[in-house]
Amino acid sequence: MRLRYVVPALVLVGLVVLFAAGLKRDPREVPSPLIGKPAPAFSLAVLGHPEQPYTIADLKGRAVLVNFFASWCAACRVEHPFLMRLAGQGVEIIGIDYKDSDADGAAWLARHGNPYRTVVADPQGAMGLDWGVYGAPETYVLDAAGTIVYKQIGPLGEEVWRDKVAPLLGAGP
Amino acid sequence: MRRALAVLLLSLPALAAAALSDEQQARYDALIRELRCLVCQNETIADSTAPLAADLRQQVEAQIAAGRSDAEIKRYLTDRYGDFVLYRPPFKAKTWLLWGGPFVVLLFALIVALRFARARKVAAPAAVDREALQRLLAEEYRREPKPDVESR
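Listed in order, the protein sequences are those of chains A and B.
Under the numbering used here, the first residue of the first sequence is numbered 1, with each subsequent residue one higher.
Under the numbering used here, the first residue of the second sequence is numbered 1001, with each subsequent residue one higher.
The hints are simulated quantities; they were obtained by calculation from the structure and are not laboratory data.
Where is the CB? At the ideal position from N, CA and C, for every residue including glycine.
Check before you lean on any hint, since a few could be wrong.
Said to hold, decoys possible - Short, incomplete list of chain B residues facing chain A, as computed with Cβ under 10 Å:
(1) L1038
(2) A1050
(3) L1052
(4) L1056
(5) D1079
(6) Y1081
(7) G1082
(8) F1108
(9) V1112
(10) A1119
Whole structure, please, built from the sequences with the hints as guidance.
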């Protein structure tokens, strides 16, 4: 009976395909349910200026990158030069100093350079929680209406920028 | 002094949880064992020591204290982190394979096993009528006695 040899072979091929596809996926990347939804509201203050509030309204009107970083975050150091380059090209990046002390965040930026148009302090991680952040760095791409169109978990780099983010920003800078 | 300090330290978790009634505490204990820590991924937020897990535990505690139901709290978390935070994700279009997969495999295995068993049954000799066989053998011996039996 030939079926006896064909069926296991087909099962094997199926499993190989399934596992090969699984190998390419990063289990650390949890897809965000917020993609395509309006960015959650928040009410924080600009880093070093507790009297200067910063809210969701400040993110609307143009496409922006919202980057969660922290002085304690090693991968943020890896990402940092690329953000500096983007900032140099005129891309607006809003930095969220996530679960960090204001002094440490400010010192980190002073030492390595500041790629952010505005830096917002989120010392308790309250905004991070509402935005579904579970590590740093994480970067959200918002369109002009304030809708989250993409989320990058882990450092943003040339490849992701070119393949995923730049097309969303409509061949922007 | 040292003893007083030890007593104080030991009672700290109790103090922190004092806001919850016994019933709320039971719900809290059950709920944090059903929620996944997104940092460690294979640990519940009850087991994980990651700062995010501590934040999520605090959220759960605060929301229980505020009178929100388990379903509301789960909803709050899945709105932010997706179904991945639940150790028992809901059955829906995206997760049918997750829930149904094992049964599909089981069904497939049963079909294969059935086919295999049927194939074996056909190949096996039909039930033997012992008497008929004896008669046949006896006839055979009578007609052509085995040479070595003859020679003795």
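Would the hint on L1052 of chain B stand, with a C-beta cut-off of 10 Å toward chain A? Cβ of L1052 of chain B sits 5 Å from chain A, so the hint holds.
Given A1050 of chain B was flagged as interface, is its beta-carbon under 10 Å from a beta-carbon of chain A? holds (9 Å)
Next item in the hint list is D1079 of chain B. Is there a CB on chain A closer than 10 Å to its CB? holds (6 Å)
So, A1119 of chain B near chain A? Judge it on the closest CB pair being under 10 Å. A1119 of chain B check passes; min Cβ-Cβ to chain A is 6 Å, inside 10 Å.
Under 10 Å is the threshold here; is the Cβ of Y1081 of chain B close enough to any Cβ of chain A for the hint to stand? holds (5 Å)
Using 10 Å as the Cβ threshold, decide whether L1038 of chain B counts as touching chain A. holds (4 Å)
Take the shortest C-beta to C-beta distance between V1112 of chain B and chain A; is it under 10 Å? holds (7 Å)
Hint L1056 of chain B vs chain A: min CB-CB distance below 10 Å? With Cβ-Cβ at 8 Å, under 10 Å, it holds.
Going by Cβ atoms only, is G1082 of chain B closer than 10 Å to chain A? holds (4 Å)
Residue hint F1108 of chain B, partner chain A, criterion CB-CB below 10 Å: holds (8 Å)
Checked against the numbered hints listed earlier, the structure breaks none of them; every hint is satisfied.
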